[in-house]
Amino acid sequence: MNETLALTLGVILVVLLALVVGLVIPVLVQFRRTLAVAENRLEHLADDFGGLVHDVRRVLKRVDTLTEAVEEGRPALSQMIEAVTGLSHTVKRIDTRVRQMDAVSAAVVPAVVAAVRTWRTARASSDGDGAGTDMTTEPPPRGGERFEEEVKHG
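Residues in the sequence shown are numbered from 1 upward in steps of one, following my numbering.
Think of the hints as simulated: they come from the structure by calculation, not from any bench.
A virtual CB, placed ideally from N, CA and C, is assigned to each residue, including glycine.
Label pairs and their calculated CB-CB ranges: (1) Gln30 x Val56: 34 to 40 Å; (2) Ala106 x Ser126: 27 to 33 Å; (3) Leu5 x Val29: 35 to 41 Å.
Let the hints inform the model, and build the full structure from the sequences given.
Structure follows, in structure tokens:
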């Protein structure tokens, strides 16, 4: 029995070993392929990365140059910002005035149009039948002149 047990255990071990080898070999082969692809991608990435690092350094140089220029021109930049701010305030004031003028003209223009129509109507009626007041004659006398006329006609 001992021998049969040893033989059975030996067969089981060989079968398990064959099973493990049968399963592990394809996994190892796939792992090797994955590593080869990763290595290939890393080589391409290293080439791209080198160019990327070069581009980043170039951009940083430009930013440094721009920063230096801004720091050197800070007084001029400050004056420009103040001028733009002042211009902005002026434009706002002009906008406010234009809006006020628009509101006033919206109220005054209809009154002026009505006055002109009335004047034309009065003028037309005075020209046609002589009954209306002639509004084309000389203007009415001012304060002192009116008083003198009343005294004369008295």
